[in-house]
Each structure stands twice: as structure tokens, then as C-alpha cells.
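**Student:** Spelled out, the chains give:
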Amino acid sequence: MYEFLVLWRRKQDVFNALLFFIIVVILFPLGVSAEPAFLAQAASGIIWCGVVLSILISIDHMFKEDYQDGSLEQWIVSGLSLPLLMLLKVMANWVVIILPLLIMMPLLSEMLFMPNTSFWALVLTLLVGTPGLFLIGVMGAALTVSVRQGTMLVMLLILPLYLPVLIFATSAVQAAQSGLPYSGFLAMLLALSLMSLVVSPFMTAMAIKASVSG
Amino acid sequence: MYEFLVLWRRKQDVFNALLFFIIVVILFPLGVSAEPAFLAQAASGIIWCGVVLSILISIDHMFKEDYQDGSLEQWIVSGLSLPLLMLLKVMANWVVIILPLLIMMPLLSEMLFMPNTSFWALVLTLLVGTPGLFLIGVMGAALTVSVRQGTMLVMLLILPLYLPVLIFATSAVQAAQSGLPYSGFLAMLLALSLMSLVVSPFMTAMAIKASVSG
Amino acid sequence: MSWLWFHKLGSPKWFFFWSKSWALPVFCIGCFGLVVGLVWGLAFAPEDYQQGNSFRIIYIHVPVAMLAQSCYLAMGVAGLIFLVWQMKIAPMFIKAIAPIGAVMALMAMVSGAIWGKPTWGTWWVWDARLTSVLVLFLLFMGVIALQNALEDITLANKAAAIMSVVGLINLPIIKYSVVLWNTLHQGPTFTITKKPEMPAEMWLPLLIAVVGLYCLVAGLLLWRIQSEIILREHRSNWVKQEVMGNGL
Amino acid sequence: MQSSASLTISDLWIERGGNDLCKGLSFSIHPGEAWRVLGGNGTGKTSLLKVIAGISMPLEGEIFYLGQNVTSDRSPLQQEMVYLGHLMGVKSALTVEENLRWYCPERSLEELHNVAKDLGLFPFLASLVKTLSAGQQRRVALARLWLSKKTLWLLDEPFASLDVEGGVMLEVCIQQHLTSGGLVLLSTHQSLSSIIPHDVVLQP
Amino acid sequence: MQSSASLTISDLWIERGGNDLCKGLSFSIHPGEAWRVLGGNGTGKTSLLKVIAGISMPLEGEIFYLGQNVTSDRSPLQQEMVYLGHLMGVKSALTVEENLRWYCPERSLEELHNVAKDLGLFPFLASLVKTLSAGQQRRVALARLWLSKKTLWLLDEPFASLDVEGGVMLEVCIQQHLTSGGLVLLSTHQSLSSIIPHDVVLQP
Amino acid sequence: MAFDSFADFLAMGRHGVYVWSAYGGCALVLLLLIWQTLSMRNKARDTVRKRFLRDQAR
Ligand code: HEM
Ligand SMILES: Nc1ncnc2c1ncn2[C@@H]1O[C@H](COP(=O)(O)OP(=O)(O)OP(=O)(O)O)[C@@H](O)[C@H]1O
Ligand SMILES: Nc1ncnc2c1ncn2[C@@H]1O[C@H](COP(=O)(O)OP(=O)(O)OP(=O)(O)O)[C@@H](O)[C@H]1O
Ligand SMILES: [Mg+2]
Ligand SMILES: [Mg+2]
Numbered sequence: 001m002y003e004f005l006v007l008w009r010r011k012q013d014v015f016n017a018l019l020f021f022i023i024v025v026i027l028f029p030l031g032v033s034a035e036p037a038f039l040a041q042a043a044s045g046i047i048w049c050g051v052v053l054s055i056l057i058s059i060d061h062m063f064k065e066d067y068q069d070g071s072l073e074q075w076i077v078s079g080l081s082l083p084l085l086m087l088l089k090v091m092a093n094w095v096v097i098i099l100p101l102l103i104m105m106p107l108l109s110e111m112l113f114m115p116n117t118s119f120w121a122l123v124l125t126l127l128v129g130t131p132g133l134f135l136i137g138v139m140g141a142a143l144t145v146s147v148r149q150g151t152m153l154v155m156l157l158i159l160p161l162y163l164p165v166l167i168f169a170t171s172a173v174q175a176a177q178s179g180l181p182y183s184g185f186l187a188m189l190l191a192l193s194l195m196s197l198v199v200s201p202f203m204t205a206m207a208i209k210a211s212v213s214g
Numbered sequence: 001m002y003e004f005l006v007l008w009r010r011k012q013d014v015f016n017a018l019l020f021f022i023i024v025v026i027l028f029p030l031g032v033s034a035e036p037a038f039l040a041q042a043a044s045g046i047i048w049c050g051v052v053l054s055i056l057i058s059i060d061h062m063f064k065e066d067y068q069d070g071s072l073e074q075w076i077v078s079g080l081s082l083p084l085l086m087l088l089k090v091m092a093n094w095v096v097i098i099l100p101l102l103i104m105m106p107l108l109s110e111m112l113f114m115p116n117t118s119f120w121a122l123v124l125t126l127l128v129g130t131p132g133l134f135l136i137g138v139m140g141a142a143l144t145v146s147v148r149q150g151t152m153l154v155m156l157l158i159l160p161l162y163l164p165v166l167i168f169a170t171s172a173v174q175a176a177q178s179g180l181p182y183s184g185f186l187a188m189l190l191a192l193s194l195m196s197l198v199v200s201p202f203m204t205a206m207a208i209k210a211s212v213s214g
Numbered sequence: 001m002s003w004l005w006f007h008k009l010g011s012p013k014w015f016f017f018w019s020k021s022w023a024l025p026v027f028c029i030g031c032f033g034l035v036v037g038l039v040w041g042l043a044f045a046p047e048d049y050q051q052g053n054s055f056r057i058i059y060i061h062v063p064v065a066m067l068a069q070s071c072y073l074a075m076g077v078a079g080l081i082f083l084v085w086q087m088k089i090a091p092m093f094i095k096a097i098a099p100i101g102a103v104m105a106l107m108a109m110v111s112g113a114i115w116g117k118p119t120w121g122t123w124w125v126w127d128a129r130l131t132s133v134l135v136l137f138l139l140f141m142g143v144i145a146l147q148n149a150l151e152d153i154t155l156a157n158k159a160a161a162i163m164s165v166v167g168l169i170n171l172p173i174i175k176y177s178v179v180l181w182n183t184l185h186q187g188p189t190f191t192i193t194k195k196p197e198m199p200a201e202m203w204l205p206l207l208i209a210v211v212g213l214y215c216l217v218a219g220l221l222l223w224r225i226q227s228e229i230i231l232r233e234h235r236s237n238w239v240k241q242e243v244m245g246n247g248l
Numbered sequence: 001m002q003s004s005a006s007l008t009i010s011d012l013w014i015e016r017g018g019n020d021l022c023k024g025l026s027f028s029i030h031p032g033e034a035w036r037v038l039g040g041n042g043t044g045k046t047s048l049l050k051v052i053a054g055i056s057m058p059l060e061g062e063i064f065y066l067g068q069n070v071t072s073d074r075s076p077l078q079q080e081m082v083y084l085g086h087l088m089g090v091k092s093a094l095t096v097e098e099n100l101r102w103y104c105p106e107r108s109l110e111e112l113h114n115v116a117k118d119l120g121l122f123p124f125l126a127s128l129v130k131t132l133s134a135g136q137q138r139r140v141a142l143a144r145l146w147l148s149k150k151t152l153w154l155l156d157e158p159f160a161s162l163d164v165e166g167g168v169m170l171e172v173c174i175q176q177h178l179t180s181g182g183l184v185l186l187s188t189h190q191s192l193s194s195i196i197p198h199d200v201v202l203q204p
Numbered sequence: 001m002q003s004s005a006s007l008t009i010s011d012l013w014i015e016r017g018g019n020d021l022c023k024g025l026s027f028s029i030h031p032g033e034a035w036r037v038l039g040g041n042g043t044g045k046t047s048l049l050k051v052i053a054g055i056s057m058p059l060e061g062e063i064f065y066l067g068q069n070v071t072s073d074r075s076p077l078q079q080e081m082v083y084l085g086h087l088m089g090v091k092s093a094l095t096v097e098e099n100l101r102w103y104c105p106e107r108s109l110e111e112l113h114n115v116a117k118d119l120g121l122f123p124f125l126a127s128l129v130k131t132l133s134a135g136q137q138r139r140v141a142l143a144r145l146w147l148s149k150k151t152l153w154l155l156d157e158p159f160a161s162l163d164v165e166g167g168v169m170l171e172v173c174i175q176q177h178l179t180s181g182g183l184v185l186l187s188t189h190q191s192l193s194s195i196i197p198h199d200v201v202l203q204p
Numbered sequence: 001m002a003f004d005s006f007a008d009f010l011a012m013g014r015h016g017v018y019v020w021s022a023y024g025g026c027a028l029v030l031l032l033l034i035w036q037t038l039s040m041r042n043k044a045r046d047t048v049r050k051r052f053l054r055d056q057a058r
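Read top to bottom, the protein sequences are chains A, B, C, D, E and F. Residues 1 to 214 (UniProt numbering) make up the first sequence, in order. Residues 1 to 214 (UniProt numbering) make up the second sequence, in order. Residues 1 to 248 (UniProt numbering) make up the third sequence, in order. Residues 1 to 204 (UniProt numbering) make up the fourth sequence, in order. Residues 1 to 204 (UniProt numbering) make up the fifth sequence, in order. Residues 1 to 58 (UniProt numbering) make up the sixth sequence, in order.
Honestly, I wouldn't trust all of these hints.
Okay, derived cross-link-like pairs now, SDA-like style, lysine to any residue, Cα gap no bigger than 20 angstroms in a straight line [said to hold, decoys possible]:
| id | chain 1 | residue 1 | chain 2 | residue 2 |
| --- | --- | --- | --- | --- |
| 1 | D | 117 | E | 203 |
| 2 | C | 240 | F | 36 |
| 3 | D | 117 | D | 168 |
| 4 | A | 209 | D | 87 |
| 5 | E | 117 | D | 203 |
| 6 | C | 117 | F | 51 |
| 7 | F | 43 | C | 19 |
| 8 | D | 130 | C | 117 |
| 9 | C | 20 | F | 36 |
| 10 | E | 150 | B | 80 |
| 11 | D | 130 | E | 150 |
| 12 | D | 130 | C | 152 |
| 13 | C | 88 | E | 130 |
| 14 | E | 130 | A | 116 |
| 15 | C | 240 | F | 43 |
| 16 | A | 209 | D | 190 |
| 17 | D | 150 | A | 78 |
| 18 | C | 117 | A | 116 |
| 19 | E | 23 | C | 235 |
Some chain A residues judged to face chain B by a derived CB distance under 7 angstroms, without partners named [claimed, not checked]:
| id | residue |
| --- | --- |
| 20 | 17 |
| 21 | 19 |
| 22 | 23 |
These aren't lab readings, by the way, just hints derived from the structure by calculation. Don't be surprised by glycine CBs; every beta carbon is placed ideally from N, CA and C.
With the hints as constraints, model all of the structure from the sequences given.
**Tutor:** Structure below.
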């Protein structure tokens, strides 16, 4: 898919997404408290908040350029299945943004003094939960694509939908931390991701169509 | 100044900046821990991190549109003092984004169980510190204005420079919280803001010129 | 004093030929010094009574940490020179030194982290020195990312110079602020005013290793600047001659 | 009437921002015909083309393609149509070659290079589109026409920012497309060298 | 020679992306003269205008305005110049009226309204520019010319996306500007009705 | 010599893993940097040479 090509051209951005995430993770110890005990307790929450914020920021740009250079018009006109295109685009973005992030995870968990018990839970929640975040996010991005400077608007629309994911994920990690089973939370996350997989491509396609024809 | 007019047209965005900030502040209790004792300790740090992130996000857009519609070219050609224009633009943005935020402050400090002792310290640090954040931020925004999807790049460039402000501000609030004098920290913040006031407009103007002529 | 050397230094052609004769010797001296310093430090220096043999990491840790800081200093000065005098060589210098500096900062963090495990019990703490090296690393990465993101060469030159100067102004502030915020790390061994507290057998190899690494990096830097010059001045006749001959 | 025409617009009513742009507009395009949409600035040429392309919806009226009503489901039309709007859909972060391959993945690299040569883009194949001049960017978009095998061309001011040579090339290309039975609907302000006999005139 | 000419370009050498666009270009524009920059797509018309406007820098060469060397310090030139590029500097998030007031704060509201009437923009004074058609947006940018009292006009393809009526209006406006002693330098691909006797031709 | 035997030298007290991994990591990175620098120089020379030959051919 050429989507990858476009992303590859912007490999710099991918790299930047990663660095942004790292920076958020740095910001918290510095701004709030740097004591290992505090950080160990807050680590998974901080990482998840960082992930949510990076996704929010990168997702907002997903259709902006395509809108401004007229590519969205071309997609609509092309007769290809718009929902499918959306899905591919989301997948490409997910791979490119989340994968490097997962690779960084051991390093970050060390920097935040995260206990080993919860590390794998964190990785699992990220794997299962982030596709949902992306899928929910694109709906917002599609709705606001015709609004210049829509970043904030996207966030406003999306964040309430992100809260359940965030809550389930951090609950899972906390359960793992105290030695409880957390597969229930993971199942909930998976369910959320699957649900958005069903709903999101169609909603996104509809939103894109509405934005472009407006 | 018409800068205000453009901003006023986008009052939705201003409103959104505010809401983004509120959402960040909500995200943390949910993601990390909602215990009052924990929150009271972390409140000022969370609020400052929220402020830093909102400024980062809104600052990235500051010149994008002006670049894309050719206004930056017109500014350069107009023969007006570019550093002065930059300063005015920063001022307009600061007023529009920080003022509502300050108005929200009592509400948020209540929500995060912030002790009264440190409330005024927080407000003062925000008043004194945020102009510096804006002034530092525009330099990054000006440097990356010709890069599409430069958000992440801006953050990477700017955030290391934001750390001192963040550290002095939270130190001030923590000093206030434990009843110590914090005017020294405030003076440092003021010094930082003043220094960036001297350096930033010129650097920004230079960066804008370089970006447009490229 | 004549300013001639300054203008000469600014001319890529002059710099190229000047550096061509210096790069290899400096690099070799550097390698030699580093090897001598490290072998001495690793095998012959006495054991530290507190930390045992883990302290031997100092012979690589301190040189790279010092280099990281010096590289930023040099980069910032080059940026300043470019902004004030438009010296042609300065942006090439920045382009060449930024990756070296980033690597040095990274090595300082890695060697420090490995040292931290036996002495402090963790790989990482949020301490002033460590945080400021991390920030240093991010500043280097910022300059590199900026140069990569901007295709237009004149813009990339200016932007990188502005960024390095701004970082240079901020570096002492960052340092001061993090020191104020949290200090755990050891103070400096070498100061101009005081003699080191370690025994000479311990600090002498360190000094040799530091000087060696400086020379090694200087050699690398000259080579990198040379390749930058070749790429940027590819249309001038002397580059053609240089490239078609086998001088390189 | 509908049977012999490939594209039939019947009784179209378009409204933008509360103003009627056209009401009761009807015309048919037969194979080998080119139609020109004429009208001053703001009379609704772009809006009309967008409605036919299926990007926006008409208030009333129907569109038939090969006798089939495609007003609500454009898929039969879309597979045989190229639309080139004011925004050209060229990715400025990609190089010229990557853009062409993105739009015409079924064409061989050699074909792409030939077209690029014809359009004077060959030396710029590896340049990012955003560094090209306005006319060169337009040429990149036009390369799609050269390469496409679609029947219906909807072109919104295709001559904009092209130089004289480029304009002649485009006219020749349209002529060829018509002789091979294609349909062309284009909007323009320039007086073309009489290759286009049919006009839709929009009143302000 | 320099003394009688208002704008003198001497020995200009412009380079973009490693290619020379022009080398040793010299010409002078005298008061009351209009010059046209001609050349195919990508020959460097836009680049030339940008260099004269002071947006980018030439590799070599000098620019004189009223006998004064303004190559490195454009401020004397800038105060008497309007530059209209491919990007028009029109704020699409503002209404037409707000745009005009933004650019010409010294003009009265009545004058603005009169110009808007002339350009057919009066009904759209309160519409956001982004909802206007391409030609209407161009007209908003042109309103600046009508309203400005600057001497030197640098226009990059000002006729783009204007309809015939708009083009005639612009030509008349340029003519008036010339008779009042103004200087015009414009790039275009269209053949104008002979109002412009002087050409700078750029070779590819 | 601060060590009695070569094995002692490798063991570094109890800290062999740390010392040697630190040195190994740094040596690796340093060698990579040197290699990259030299290859960059060669690549620069080759591209310029190729460009020159191409221009000559035209
Ligand atoms: C990631 C972790 C670390 C980083 C980023 C770091 C960074 C630095 C820096 C920037 C210097 C200053 C070099 C100079 O300019 O003199 C330094 C020196 C030094 N570090 Fe570290 N360090 C780290 C961990 C450690 C650990 C764990 C130890 C041992 C307990 C240690 C011991 C020393 C010593 C003894 C010096 C020499 C002080 C001097 O002579 O200046 N460092 N380090
Ligand atoms: N930022 C840039 N980086 C690299 N090359 C550039 C840049 N801008 C322009 N060029 C190149 O300079 C040449 C001239 O561009 P310019 O925009 O001046 O042409 P033009 O004469 O205005 O053409 P048109 O009629 O198509 O508008 C083009 O070949 C283009 O590729
Ligand atoms: N999104 C929109 N919202 C409101 N009004 C719109 C919108 N888009 C277009 N219009 C209005 O519709 C009218 C026709 O616009 P259109 O772009 O179709 O004109 P056009 O014939 O293409 O003109 P031009 O020759 O200038 O390109 C204009 O008056 C414009 O203000
Ligand atoms: Mg139109
Ligand atoms: Mg042009």
C-alpha cells in the first residue's frame, strides 16, 4: 500500500511521535515528583496517558493533508470502498506509531521504576487497547477535517470515548501489580476494540463524505 | 489588532484549548490514582503539565495557516518590523489562551484537592511563567512552519527548553505548600520570561524569514 | 592580530585542504591515547575501596560525558558564528557534530546506567546530572530532526543554527534548574582550581583517556565536515579535481 | 434520448450557501462530445462538476449514465470517471514518480516515464512535488489523464497555470480522447481553439 | 540609466534546488511602464518575482530602487510595493470585509464597500472567504490593488481563475495605475490585449 | 597491575558483567560511529564523482 510509502516519507514523523511520547514520560517525573516509590505506583498510568496523548496528536493530522491537497475528493470519486480505505489507513498508522512504542517500553518502564509483575500486563493492554483508540480517533478526525486547527475539537470529541479504554487498561495493570487476574479487563478492552472495528470504518467514511461535500 | 479578530473567529478553538486542558487534568486522576491525598500532592504538577501540553498543541498552529495562505510572505514584504509583529501575535495568543485558563483555576484546584496555601503561588507562577513558554514556543513553531505535520517536531524542539520553567514553577508551588518563601523561584521564572522576551522575537523573525524564502 | 585565519577558516576550500592533512594524524593520536588510557585504567589503576572494580567504568563514562557537553558547546558556538558572520563552514560543522554529540550523550547514559546498577541499585534515577544529559541528548536529536525535516538547504542551515544557539543559551539554565531540583550524582573530579582528590594512578589514565577521546572525535569531525563540503560544493572545480583524483 | 447519450443531466437544482446556482439544468453528453461549462466567477461551475462527480449532492434532479440512474449510487459512474478539481489531489510530500505510481499502479514504470517525458517532468521525477512550480504541479495532475483509461473526464479549469505549450498539449490530448469515444466536461475561462462545440452556460 | 529608472535589476543570478534559473539578468522599469515576465512552466517567473519582493535572496546581482541599492535592505522598496503571489495572503477564516479591513486599515469603510461593489463582491462581504469560488477569492486579493496607494506592483499570474469580465477590469486598473506613474511587473501565460509592451523572457 | 591473573581481570571482582558490558557497548557504538563516518565520506565522493561523469557524458 502506498499509504506506507507516504508514511515512510514521513519517517521523521514516526520518529517524532516516539520522541513526543518519551517527552511526556519525562515531563511527569520532572513536573510532579521524581521519587521512585511515587513513580512506580503511577508508571502505568503515566505511560497510558502518554500513549493516549500521542495518539490524539498524531491522529488529528491523519486526514488534514489529504483534505487540503484534494486527495479525499479523489478517494470519494474513485469508487473504491471508502470504509476499507479508512481501515487500511488506520492499520498503517497503527503499525508505524505503536510498534516503535512497544519496542521502547522496556526502557521506559525501567525509567519509571515499574515493577516487573505488571510489565507484561501493560504491554498486553497496549496491544489490545490501542487499535480501539485509533479506530475511535479517526472518526473524530474525519468529522473535523474541514475545520482548520481542528486539533482541540478532535480531542474534545474523542477523549470522552477514550476514558473507558483508559480505565480498563489501568485497572488491568493495577490488578496485575497486586497479583490479581486481569484477563477480564483485557477481554473488555478487546471487546471495545472489536466494537470500534465494526463501527468506525463506516462512520469514518460517512464523516469524510460529509466533510468533503460541505 | 486584527490578530484578535482572527482568534475571535476561531473562538471555538480557544474554548477547545481550555477543554483540552481540562481533559488532561481529568485524565490523570483517572489514569493514575484518584485518592485525594495523592492528588493534593500532585495537583500543581498535573496542572502545570496540562498547561505545558495545551500551549504546545496550540502553538504549533500559530503560523501554519499564515504560511499556507501566503500571509507570511505578505508580512515580510510589508516592511513592518517582523519581530514586533511576532511579539504582538504572541501577546494576542497568550491573552486568549491563558486568561480563560486562569479563570478556570479555582474550579480545577478544587477538583484536585489542592491546598489553599499553594493556590495563589500556582496562579502567580502561571502568570509569570507562561509568557516565557509562549515566547520559547513560537521559535519552534517558526522553525518548522514549512514542515507539514510538524507538531511532533515542534514538541521535540521545544520541550527540553520548557523543563526549567516547569521545574521552577513546581518548585515554587511546593515551597509555598510547605510554607517556605517562594519569591526566589518566581524571580527565576520572571528572569526566564524576560530573557525569552529579548531573544525570542528576533530569533522567530529570523526563522520565519528563512522558512518563507526556502 | 589578523583576522585572516578566521576568513580562511570560513572558506570551504581552504578548510578542506587544511583538514585533509590533519584528520588522520589527529584521529590516530586519539585512538592511541584512548587505548592507553583505557588499558591503564582497566588493568593497572588501583581498585576503589568503596565501589570495587565497578568504578573502572569511569574511564569511559567521564570522557564521553565530557565530550557530549563539549560537542554541544561547539555546536552552539558554530551556530552563533553562522548567524552573526554567515560563515559558510559553520552549518557544515553543525551538521557534522550533531550526530557525534548525540552518540556521546547516549554513551554517557548507557555507561552511567550500567554503572548505576551495582552502585545505586537501579539503572536510572531522576537526578540532575542524568536528567541534564538526557535533555542534552534530546537537544541534539532536535537539531538532527530539524535538519532532516527541512529539505531546503539554506533553511535547514539557518534553522539548525538558531536551534543550537537557543539550546546553548538554555543549557546553563537547564543545568542550574535540575541541580536545584534534585542532586544525587557525584561532583566533578577535575576542577581548574583544585587538585583531584583521587590518587594520581587513578586520575592520570582518566586524563589520558579524556584527551584521547577529544582527539579521536576531532578526527572524525574533520572527516565528516569534509564529506559535507564535497556534497555541498560539488559544482566547484577543485572538488571535481579532488574527487576524480585518488586523493580521497 | 437518454439511451443514446452516455451522460444525461436532468432537471438539476444546485444550491450552495442558501443561493440557487442552477435550477432545472438539463443536458446530455454523447460519446465523442466535449462540453464546456461557461459562466462568470461564482456562477457555480465548480459546484456543478462536484455534483456530477458525486462529491456533493444536488437538491433535486437526476443524473443518468448509460441510461442508468446514478443519482444516489455513483459506483457505475465512478469506475469510468476522472475528476480533476481546483485542488488537484497531488501529494506534495511525495516525489513526482511516487505520485504517478500512486494514481496509476497498473501502469508500468516505462509508461509513466514516457508520459513524464511528454509533459516535461522527466528531470523532476525524483523531486518532491512541493518544490515544483505551479504549472509543473498542474502537469503532474494532468499526467493522470494521459495515463487513465477512463471514459468520462470532468475537468475544472484544467488550463489554469499551464503555459501555452502545455495548453496545446492538453487540447490535443482531449481531441484524441474524443476521437476514441470519450466524454469530456470541462469548465474554463479561456477561449479554446474551437475544439469544444457544446456549452452549458450558467447565469449568475 | 539608473537615475531615470525607478526599478533596476542588474546582473541577477537566481538558483533554486541546484539549478540556475537565470544568470546575468538585467532590466530597468521606468515610471509608467509595465513589464511582463514570460517563460514556460518552471522557468523561474515566480522565483524572480519573489527575489524582487525580497522573499528569497538572489545568489548574485543587485536591485536598485530610485537609484538606491536595496539588495540587502529592502525597506525603501517594501513601503512602496504590493506583491501578489500564487498564494494570495487572503485569510480564509475571515469574511471578505474583514480581509479588506485587515489589509487596508487606513481606508474608510465606504471606500472598501465601493471597491467590493466594483469587483462583484458586495453580496459576499459577510461570507467567509473559504466558501467563495476560486475566482471570487482572487478578486478579494485584487481588491488590495484597487485600494493600495503603492507605486510598484508585483503580480504573479494575476489573471488566474478570473473570468473575462474580471480580466478586463484588471487590465483597466493596471492601465490607470500606469498613467498615474506606477510601475508594474507581472507574470502571465495569457495573451493580454497589448497593454504591456515590455517583456522579460526567461529561458528554460 | 591491579589484578593477580587474567581470569581475575575478566571477573573484575563481582562486577565483570557491568564493566565489560559498559565497555563493550561503548566500543561497539564508537566503532559504528567511525565506520559510518568513513562510509559517509566514500559515499559523498562516489555520488559527486558519478554526477560529474554524468554531466561530462551529456
Ligand atoms: C545514566 C546515568 C548517568 C549519566 C547520564 C551521567 C552523566 C555524567 C556527566 C554528565 C558527568 C560529567 C562529566 C564531566 O563533565 O566531568 C559525569 C561524571 C561522573 N559520573 Fe556520571 N552519569 C551517570 C551515572 C553515573 C553513575 C551510576 C556513577 C557512579 C556511581 C557515576 C559517576 C560519575 C563520576 C565518578 C563522574 C566523574 C565526576 C567528574 O570527574 O566530573 N555516573 N556523569
Ligand atoms: N523550494 C524549492 N526548492 C527547489 N526547487 C524549487 C523550489 N521552488 C522552485 N523550485 C524550482 O525552480 C524552478 C522555477 O520555479 P518557479 O515557481 O519560479 O517557476 P514559474 O516560472 O513560476 O513556473 P509556473 O509558470 O509553472 O508558475 C522549478 O523548476 C522548480 O522546480
Ligand atoms: N461551501 C460553500 N458554502 C457556501 N457557499 C458556497 C460554498 N461553496 C461555494 N459556495 C458558493 O457557491 C457559488 C459558486 O461557487 P463555485 O465555486 O461553484 O463557482 P465557480 O463557477 O466555480 O467560480 P470560479 O470561476 O470562480 O471558479 C459561489 O457564490 C460561492 O460563494
Ligand atoms: Mg471554480
Ligand atoms: Mg509561478
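**Student:** Does each hint hold? Answer for all of them.
**Tutor:** Hints, one by one, checked against the model:
no., hint, in the structure
1, D:117 to E:203, "holds (19 angstroms)"
2, C:240 to F:36, "violated (23 angstroms)"
3, D:117 to D:168, "holds (16 angstroms)"
4, A:209 to D:87, "holds (16 angstroms)"
5, E:117 to D:203, "holds (19 angstroms)"
6, C:117 to F:51, "violated (52 angstroms)"
7, F:43 to C:19, "holds (19 angstroms)"
8, D:130 to C:117, "violated (50 angstroms)"
9, C:20 to F:36, "holds (18 angstroms)"
10, E:150 to B:80, "holds (15 angstroms)"
11, D:130 to E:150, "violated (31 angstroms)"
12, D:130 to C:152, "holds (11 angstroms)"
13, C:88 to E:130, "violated (43 angstroms)"
14, E:130 to A:116, "violated (54 angstroms)"
15, C:240 to F:43, "holds (15 angstroms)"
16, A:209 to D:190, "violated (32 angstroms)"
17, D:150 to A:78, "holds (11 angstroms)"
18, C:117 to A:116, "holds (16 angstroms)"
19, E:23 to C:235, "holds (16 angstroms)"
20, 17, "holds (6 angstroms)"
21, 19, "holds (5 angstroms)"
22, 23, "holds (5 angstroms)"
In this structure, the earlier hints numbered 2, 6, 8, 11, 13, 14 and 16 are contradicted, and the remaining ones agree with it.
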